[in-house]
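K.L.:
Residue numbers (this note's numbering), protein chains in the order written: chain A, 38 to 214; chain B, 83 to 284; chain C, 84 to 301.
No lab work stands behind these hints, which were simulated from the structure alone.
Here a beta-carbon is modelled for each residue, glycine too, at the ideal position from N, C-alpha and C.
Hints may be right or wrong, so weigh each one.
[Claimed, not checked] List time: in silico PhoX-like cross-link candidates among lysine-lysine, alpha-carbon distance up to 25 Å: (1) B:Lys-237 - C:Lys-164; (2) B:Lys-237 - C:Lys-188; (3) C:Lys-230 - C:Lys-215; (4) B:Lys-237 - A:Lys-47.
[Claimed, not checked] Stretch by stretch, here's where chain B covers chain A in the computed footprint (C-beta under 8 Å, at least three residues): (5) 95 to 107; (6) 126 to 140; (7) 144 to 153; (8) 170 to 177; (9) 204 to 212.
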Amino acid sequence: MSEKLVKTPKPYMNPYLAGLGLGLVLLMSYVIMGRGLGASGAFSTATAVAINSVAPAHATGNNFYSEYLGDGQQSPLKDWLVFEVLGVLVGGFISGMFAGRVKKSIEKGPRIANSKRLIFAVFGGMLMGFGAKLARGCTSGQALTGGAILNLGSWAFMMCVFGGAYMFAYFMRRQWL
Amino acid sequence: MMPYFKFDYFGSDTGLFFAFIIGIGFGWFLERAGFGTAKKLAAQFYFKDLTVFKVMFTAIVTAMLGIYFLSVFGFMDISELSVTTTYIVPQIVGGLMLGVGFVIGGYCPGTSVVACSTGKIDAVFFLIGVFLGIFIFAELYPLIENFSNSTNMGKVTMPAFFNIPYGIIVFLVVLMALGGFAGAEWAEKKFGYKKVEVINED
Amino acid sequence: MKINFKNMTINQKLALFTLVLGFLALFFRDPLKAKIITVNSSEIALKVQDKSSNISVEELADWLIRKKADFKLIDLRSEAKFNEYNIPSSINMSSTELLSLKSSKNGKILIYSDDNLQAAEAWYLLKSKQYKAVYLLSGGINAWKDKILFPSISSNASADVKAQFAKLSEMSKFFGGSPRILSGDNSASAEVKMATPKIAPPPSAPAGKGGKAKRDGC
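One chain only, chain A, in its complex shape:
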């Protein structure tokens, strides 16, 4: 029986098997490239390129931007992480499509208005972007990637991410529960 109107999305994968798959992808990345995964680095490159196209003098004068703009030998967008994140976009979409989970929605608990949720999303994103740059990486680039090679800073970082989130979770309960 095929219900065309109400498509029930497939249940998610067993988390341990998904983790195993993710771990093998990470291992492949190390085996092939000698480096791990990442995400926020690509956003930094994109930000630097955007600023550089609007105000080139400002961008090259700033140590942070210029680090992501490289030496001008080739386009800064021809970057490993930029291509990897494009892959993430495609991979996520393919998986979501096969599972019937591609749908326009706003993810939130039942006790919060859409507009408020979106404001929180922007604000949370800002904290993330800032924090990720301070910590030299996000959950993928630092915690996962550094975690697998037992990087000291990555493990300290990972503990702090979980710690910070659990400490602050109480204040955000209306958004999610």
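Assemble the complex: chain A is given as a structure, and chains B and C must be docked to it using the hints.
P.N.:
Chains B and C alone, transformed into the frame defined by chain A:
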């Protein structure tokens, strides 16, 4: 000899191709695990659904064991893997900010990309926030550069720092992860959603 | 308690498998510390003399004049000596820095020192790190000074040798040296007075791409 790129099996342009393929795998498993929705991610922090912890640590343990055994059997040169430099205080502060940002925003940069690709509007807003955050960081960079580059400990791994053999750390991480998984299963039974199938109502 | 593998859930199987692997990890040598290289001293001695791993100073001079840039020239001497004089385009590195050298594994690397043994050791180090094209500058910096910077010829040499010397003199001038014509016997005292040419630009700027390397990482 692995890693292939570091031993010049191919150039950086081919590397970009691999980046794309690896990214697809990364995105696929993130979405499969349910990381494309903030509700599932945030549930981690209320002990309702500990998928984030389970997936992350299974992935770390898998890759760690793979790297370890490939190295000890001589297939891989572990010293060629890129290790990011540890700046301990900025990383602790950054980690706390990320944690707070996670529970407010509901995503992390990687998962927000997956959520964007599956149509989550809040993830698009989150991503805009990430760009803003990086922009603010960059504009303030001259002021915070000193702090950001402080407490540089070099490229240091736990076996080197604690002066404990690599294999023992690997074993301890495995024990910690398995103990954590057992704890996670217990916590989900106690605090979790009462066996309602994955919620996705409108 | 009886454990029946068949009745275990997939999660339990995975956990058991991981535990076994983690336990086995205890019994292997630390891969970070497994980088001990055993070096056979007689083998080193042979390597230093082996033509296939040596590049002569004339050849190097020729490369530099023709502005060939497909190789990395590494000076292993102390920083003080390096700052005093170094072969153009060379970079200064200690043996320990060499361990963390980031360079293409197929790229040509030419090393020199004022000590053959030190250079040979470095040669081994790089070879053990899978660098495929590592060469020694035959005779090191001393041969460079003797043959390229201050080539000498005895005044009663044959025309043949003199013709060759003209070419050498040109090379020598290119690198700021001065050819010498020795009268009669080889007087060792003449060498002492030779001042190495002053190096005008700061030696730390190697030829090649300027600017910062792009940041790598998340």
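K.L.:
Please go over all the hints and tell whether each is borne out by the structure.
P.N.:
Right, here's what the structure says about each hint:
no. : hint                  : in the structure
1   : B:Lys-237 - C:Lys-164 : violated, 29 Å
2   : B:Lys-237 - C:Lys-188 : holds, 22 Å
3   : C:Lys-230 - C:Lys-215 : violated, 28 Å
4   : B:Lys-237 - A:Lys-47  : violated, 43 Å
5   : 95 to 107             : holds (count 4)
6   : 126 to 140            : holds (count 12)
7   : 144 to 153            : holds (count 3)
8   : 170 to 177            : holds (count 8)
9   : 204 to 212            : holds (count 6)
Comparing the model with each numbered hint stated earlier shows that hints 1, 3, 4 do not hold.
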